[in-house]
Amino acid sequence: KLNIGVDTIQHGVEGLTYLLTESSKLMISEIDFQDSIHVLGFSDELNKLLLHLYLDNRKEIRSILSELTPKLPSYHSLEWRLDVQASSLASRSLRQQIKPAVTIKLHLNQNEDQTAQVLQTDPSTLLHLIQQLEQALGEMKTNHCRRIVRNMK
Amino acid sequence: ILDDPDLKDIDPTVLKHCHAAAATCILEAGKQKADISAISTCLEDCKLDKERIEQFCTEYQVFKSILTYLRRSPLHITDVSWRLEYQIKSNQLHKTYQPSYLVTLNVENSDSGSHPDVSFSCTMEQLQDLVGKLKDAAKSLERATQM
Chain D
1 KLNIGVDTIQ HGVEGLTYLL TESSKLMISE IDFQDSIHVL GFSDELNKLL LHLYLDNRKE
61 IRSILSELTP KLPSYHSLEW RLDVQASSLA SRSLRQQIKP AVTIKLHLNQ NEDQTAQVLQ
121 TDPSTLLHLI QQLEQALGEM KTNHCRRIVR NMK
Chain P
1 ILDDPDLKDI DPTVLKHCHA AAATCILEAG KQKADISAIS TCLEDCKLDK ERIEQFCTEY
61 QVFKSILTYL RRSPLHITDV SWRLEYQIKS NQLHKTYQPS YLVTLNVENS DSGSHPDVSF
121 SCTMEQLQDL VGKLKDAAKS LERATQM
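Note that the protein sequences, when read in sequence, are chains D and P. Numbering follows UniProt numbering, with no gaps: position 32 of the first sequence is 32. Numbering follows UniProt numbering, with no gaps: position 76 of the second sequence is 76.
Think of the hints as simulated: they come from the structure by calculation, not from any bench. Backbone N, C-alpha and C fix where the C-beta goes; we use that ideal spot for every residue, glycine too. Be aware that one or more of the hints could be misleading.
[Said to hold, decoys possible] Partial chain P-side listing against chain D, Cβ under 10 angstroms, derived:
(1) Asp79
(2) Val80
(3) Trp82
(4) Arg83
(5) Gln87
(6) Gln92
(7) Leu93
(8) Tyr101
(9) Leu130
(10) Asp136
(11) Ser140
Excised from the complex, chain D in its bound form (with noise of 0.2 angstroms):
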């Protein structure tokens, strides 16, 4: 419909595919976007066309370019259960032992497969992982934290 050949609208779709990846890669400014295009010799028309091109889709490129930076498994969700472990198998002892125990369900997501994983845990040991995380928890909001945030910006 367009009367171009195939390799014109090839080259045409990899070079804007290119300016508009390199451009959310590296988050430039408007200024800076409008700049670079100027050299190209547009219409000022099509400059703005690709300005607005950027800014709508700068987010969504941006997310996409994240999944392919290298990653460890991430939390998706967690179950849990409690359980009384009346006694194993392999023991017949005379008496009956209740251990109470929390089995947890762990699951991961790992470049779009799910795992899940089954853990167990003690009550004691229970209570040190959640005072231990919250402690992880309150580190954001230390002035340490928030000084570097705010100074990487």
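The hints should help you fit chain P onto chain D, whose structure is shown.
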């Protein structure tokens, strides 16, 4: 077993008893973590002939691995380590500026002892979700033990 053509001449009740006896024997041996010589000795005491004992032991080996699998308990969490990171850049994406937590759960296998730890990354919100759920479990545990 009841459909097996070789056994059709035997009274079904007797067959059921035999089956139950064999199953019980295997399970008990598994529970006791008995080795072959112990089983042989036991069967000798029951006045079974050598050929039968050998056959039983061979079959038992097959079940032993299944029983070991059943006896396996889930991985036990012993400790946790965490790391707070602030990501600034990757080769795919610049200026990311995102904090993230790296959590490692140290786990132990009751049978073999060591096991690779479970590690994962999460955002602050996800960690809050995780801690919230663990706290629910702890509260539930407390209520249960008070009953």
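How the hints compare with the structure:
1. Asp79: holds, 7 angstroms
2. Val80: Since chain D brings a Cβ to about 5 angstroms from Val80(P), closer than 10 angstroms, the hint holds.
3. Trp82: This hint holds: Trp82(P) lies near chain D, its Cβ roughly 4 angstroms from the closest one there, short of 10 angstroms.
4. Arg83: holds, 8 angstroms
5. Gln87: holds, 8 angstroms
6. Gln92: holds, 4 angstroms
7. Leu93: Holds, about 5 angstroms.
8. Tyr101: It holds, given that the least Cβ distance between Tyr101(P) and chain D is near 6 angstroms, below 10 angstroms.
9. Leu130: Since the shortest Cβ distance to chain D is 6 angstroms, the answer is holds.
10. Asp136: holds, 7 angstroms
11. Ser140: holds, 6 angstroms
Checked against the numbered hints above, the structure violates none of them.
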